[in-house]
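Asker: Going down the list, the sequences are from chains U and Y. For the first sequence, the working numbering gives the first residue as 1, with consecutive numbering after it. For the second sequence, the working numbering gives the first residue as 1, with consecutive numbering after it.
Source of the hints: derived by calculation from the structure; they are not laboratory data. Careful: at least some of the hints might be erroneous.
Partial pick of chain U residues on the chain Y-facing surface, computed with a CB cut under 7 Å [as the list claims (entries may be wrong)]:
| hint | residue |
| --- | --- |
| 1 | Asn280 |
| 2 | Thr307 |
| 3 | Leu309 |
| 4 | Leu402 |
| 5 | Leu426 |
| 6 | Leu427 |
| 7 | Glu434 |
| 8 | Ala457 |
| 9 | Ser458 |
| 10 | His533 |
| 11 | Pro550 |
In silico SDA-like cross-links for lysine to any residue, where the CA-CA straight-line distance does not exceed 20 Å [to be verified]:
| hint | chain 1 | residue 1 | chain 2 | residue 2 |
| --- | --- | --- | --- | --- |
| 12 | Y | Lys211 | U | Gln266 |
| 13 | U | Lys284 | U | Leu368 |
| 14 | Y | Lys98 | Y | Gly79 |
| 15 | U | Lys284 | Y | Gly238 |
| 16 | Y | Lys211 | U | Thr535 |
Values in this document were obtained by computation on a predicted structure and should not be read as measured data. Cβ atoms here follow ideal geometry from the backbone N, Cα and C, with glycine treated the same way.
If you want the building blocks of each chain, they are given just below.
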Amino acid sequence: MVSIEGRQGIGRDESQYFRAGERYWGWFESVWNNLREGHPKRAFTRAAVDGTWEDNHEHPPLMKILYGVSWRLFHTCDCAGVKRGLHPIPISGRHVTLPLFKRESSAFRFPAILLAGLGVALAYWLARRVLRPTPAAIAAVLSVAQPHYFFHAQISCFDAPITVMAALVALAYWKSLRSRRWGVLCGVFWGLALATKHNAWLFPIFLLAHYLWMRRGDFLRLRIPRPPLAFVSMATLGPLVLFILWPWLWHAPVERTRAWVQRHTQHEHYNFEYLGRNWNLPPKETNLKLLRATFPFVSTLFTLPVTTLALSMIGFVVFLRRRRGGESSQVFIDDAPSALRPSWVRPGADVDRAPGVFLAIHIAGPILLVALPSTPIFGGVKHFMPAMPFLCVVAGAGAAWLIHLARKVFPAPRLSRVLPAALAGLLCLPAVAETARSHPDGLGHYNMLAGGFAGGASLGMNRQFWGSSALPLLPWMVEHRPPSNRLYWHDVLHDAIVMYSRDGRLPLGIGDVGVGEQVLEQSELGIVILEKHFTIYEGLAWQAYRTTQPSIVYTHEGVPFVVGYERHHSAPPPRPEIFTP
Amino acid sequence: MAAAIVLLALVETVNAFVAPFRAPSEKDWRAAAAKVRAGFRPGDLIVAAPAWADPILRQQLGDLVPLPVAGRMDAARFGRIWEISQRGAQAVDTAGAKAAESSRHGALTVRRWERPAAAVTFDFLAEWHRAEVSVVTPEQVEVPCAATGDRIQCLGGASLHPDLLEIDTTLRNGLAIEPVERSTLVLTYPETLLGRDLAVACGLHSVWLRKLGDGKVHMRVAVDGQEIGTIDASSSSGWALKNFDTTALAGRTGKVRFEITVDKANARRFGFAAEARNP
Chain U
1 MVSIEGRQGI GRDESQYFRA GERYWGWFES VWNNLREGHP KRAFTRAAVD GTWEDNHEHP
61 PLMKILYGVS WRLFHTCDCA GVKRGLHPIP ISGRHVTLPL FKRESSAFRF PAILLAGLGV
121 ALAYWLARRV LRPTPAAIAA VLSVAQPHYF FHAQISCFDA PITVMAALVA LAYWKSLRSR
181 RWGVLCGVFW GLALATKHNA WLFPIFLLAH YLWMRRGDFL RLRIPRPPLA FVSMATLGPL
241 VLFILWPWLW HAPVERTRAW VQRHTQHEHY NFEYLGRNWN LPPKETNLKL LRATFPFVST
301 LFTLPVTTLA LSMIGFVVFL RRRRGGESSQ VFIDDAPSAL RPSWVRPGAD VDRAPGVFLA
361 IHIAGPILLV ALPSTPIFGG VKHFMPAMPF LCVVAGAGAA WLIHLARKVF PAPRLSRVLP
421 AALAGLLCLP AVAETARSHP DGLGHYNMLA GGFAGGASLG MNRQFWGSSA LPLLPWMVEH
481 RPPSNRLYWH DVLHDAIVMY SRDGRLPLGI GDVGVGEQVL EQSELGIVIL EKHFTIYEGL
541 AWQAYRTTQP SIVYTHEGVP FVVGYERHHS APPPRPEIFT P
Chain Y
1 MAAAIVLLAL VETVNAFVAP FRAPSEKDWR AAAAKVRAGF RPGDLIVAAP AWADPILRQQ
61 LGDLVPLPVA GRMDAARFGR IWEISQRGAQ AVDTAGAKAA ESSRHGALTV RRWERPAAAV
121 TFDFLAEWHR AEVSVVTPEQ VEVPCAATGD RIQCLGGASL HPDLLEIDTT LRNGLAIEPV
181 ERSTLVLTYP ETLLGRDLAV ACGLHSVWLR KLGDGKVHMR VAVDGQEIGT IDASSSSGWA
241 LKNFDTTALA GRTGKVRFEI TVDKANARRF GFAAEARNP
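Chain U with its partners taken away, still in its complex shape:
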């Protein structure tokens, strides 16, 4: 990811997180400076805190803090020269850094990439709770070899990080069922998850559902199971960690927590294309509600590599048969109860921990929530991506069954030794190949069932959002920049243009006429990101530039993503046709 992230452009949201991350770093600098100057309290006043942390306060700060710190530590600094004014914080001089990255955006992205790496390890550890090393490794590879996840995993956003956090909290909870230490850690990790993205609100619901299922025997004996240490820890340490990490909450914790919750429970429905329709409101008609409810299922069916899907289906069957004995049960490692009696610090010690139900809840939970017609779907797959590590563990179980079967069919010891590795390679290869094929336009990728990029477009599936696909057109825009320097950037935010300039991908002072429908007429060169609801902007470009002919089209496998238009001062020759009757 480190070597290829630079091919992926800067999206709307990411550019804002760059800005916020750098500003958050600026606040830490101010804490240090105030301390040195003998005014330690100055950075903690409400005005000082809000002055920084109001920026992008709709999302909690953990990842943005990490992005800012990583930028400060690892960028190659040319900040003190002419680029000084492009920073959202005062630059007093050249930064002393460990210059790992040539582009500043890469330094910002580094923590997300590291976390994605941790995500692979977590998927492995999670799978190892029930599977042997080879199928667990398959699960780990499949967890990252997903075109849409891979797109999100290398950018400075929160969707891949919260997916990793979902695996981290789940793993800690699972281990806490038989380990006191993990019970405490579970609360800390949930706090970190809360500080990553609001999806974390749902995690306790999934864990509680599993816990009640696992301890269903208590209910049959008319006993109420005791609250386990993990939940106590989550209830206490979780909010505490969030509060400590998020200065925006410090001066008005209740009011601002409420505002944060309201922001996401009443979130606007942005535009999103699904099955040829543009969705931007909760549907009212029953048939549309039903169609809308299919969104996460159809999206999963069309975005995950098909072999991964097939392995998951086998894995589900294998999990269903886990406790019935027979061949299916042999693919799992032993998870016998470790004690006769449970305690609140080891509440799963005396029972089967029901890994199948545990995984099923973590897969179905996020997907079912997005299936509700009232839930916005503008983020596409990313809205239910936290289900994916768990789905891949199930796929790992499917792979384990295949390996077990292959060993039976080919019992020769030599063959039996190489079979697992060979099968692992074979089963991971399609996912890896599909992911490589999708880069850098993973959002527009659809699998073999859908017919690839072109098939997805024909099905009317969403191709992109955030405007990150503008990156390949930057050289053309620079080369064709009109003398007036009046450029229209459509969905590429000014923050993104600034970062492209800081990265050296755009010249300093490149023009930007701004956003909105009116400004396009003022430009002489412009791009339009091709999303269904953006058709209106292409129409404005036709009118502004007096042509329907784009000068350039960026495509991936023949599917257009971005068009570029220019105003030609000499009018094109008239078309030899008369329309009036």
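Go by the hints and put chain Y onto chain U.
Answerer: Just chain Y now, kept in the frame of chain U:
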């Protein structure tokens, strides 16, 4: 089952490597465009199939797809349609036509479709300046509207002008109208040469406005004082097209009247196009 999974993995891997090479290349597009250019005649329509390839088609042949063609009401008036298609797709505009010519250019197929073109006897959009526009107030007083430069402005804020509109996320040339509540906006074309069919299409402009408002725009169509039909536009109605049978009036000159009302005017920008024609 196990063999099937192994086979699936192999097929999917091969597909992942091969599929990118099956997409049309720029060379394919240039060859297809050259073929179309060589046979193009004034009045021909050029379309892409599937429609999502349209921007690439316009990059190659945009000079032959000017704004009036790109934002057409429908394709009825085109007797010859050039279709550049891929993956076996066929454009909706070619429905009912016969393939007169076909050639392969790499991953692209160029087909020339032919069918009898509708003869347009009157284009209400092109002749918009001939319309007499007025507003009928709730008190049933008819107040004429005034031409002001590129538009007609009416009492109460209603206005009308030709524009390129985004309706149902497709671009359409139409008369853009901002209707007002409790009043009726009336367009009268006093001398219209009628055909056997009066085709009327309408919808609501702007993805943002369609999201904001929920009012319905109602249009009544009358010829020589007699209603021949109605058509509605709402946020979900898309680009609605109706064909009203005017066989009995074909060849005659009549007075065509469009009456437009709205129940809730907030964020409603109505657009319509109409043609009298002989299919």
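Asker: State for each hint whether it applies.
Answerer: We went through each hint and held it up to the structure:
Because the closest C-beta pair between Asn280/U and chain Y is about 5 Å apart, less than 7 Å, the hint holds. Hint status for Thr307/U: holds, given a least beta-carbon distance of 5 Å to chain Y, under 7 Å. Because the closest C-beta pair between Leu309/U and chain Y is about 10 Å apart, greater than 7 Å, the hint is violated. The beta carbon of Leu402/U comes within 5 Å of a beta carbon in chain Y, closer than 7 Å, and the hint placing it at the interface holds.
The interface hint given for Leu426/U is met, as the beta carbon of that residue sits about 5 Å from the closest beta carbon of chain Y, less than 7 Å. A cut of 7 Å between beta carbons decides the hint on Leu427/U: the least distance to chain Y is about 6 Å, and the hint holds. For Glu434/U, the shortest C-beta to C-beta distance to chain Y is roughly 5 Å, which falls under 7 Å, so the interface hint holds. This hint holds: Ala457/U has a C-beta 4 Å from the nearest C-beta of chain Y, less than the 7 Å allowed.
The restraint placing Ser458/U at the interface with chain Y holds, with a minimum CB-CB distance near 5 Å, inside the 7 Å limit. Taking 7 Å as the C-beta cut-off, the interface hint given for His533/U holds, the closest approach to chain Y being about 5 Å. The beta carbon of Pro550/U comes within 5 Å of a beta carbon in chain Y, closer than 7 Å, and the hint placing it at the interface holds. A hinted pair counts as satisfied when its Cα atoms are at most 20 Å apart, and Lys211/Y with Gln266/U qualifies at roughly 16 Å.
For the suggested pair Lys284/U and Leu368/U, the alpha carbons sit about 19 Å apart, so the restraint of at most 20 Å is met. For the hint pairing Lys98/Y with Gly79/Y, the CA-to-CA distance comes to about 10 Å; that is within 20 Å, so the pair holds. Annotation: proposed proximity of Lys284/U to Gly238/Y holds, straight-line Cα distance about 16 Å (limit 20 Å). At roughly 15 Å between alpha-carbon atoms, Lys211/Y and Thr535/U fall within 20 Å of each other, so this suggested pair holds.
The earlier numbered hint that this structure contradicts is number 3, and it is the only one.
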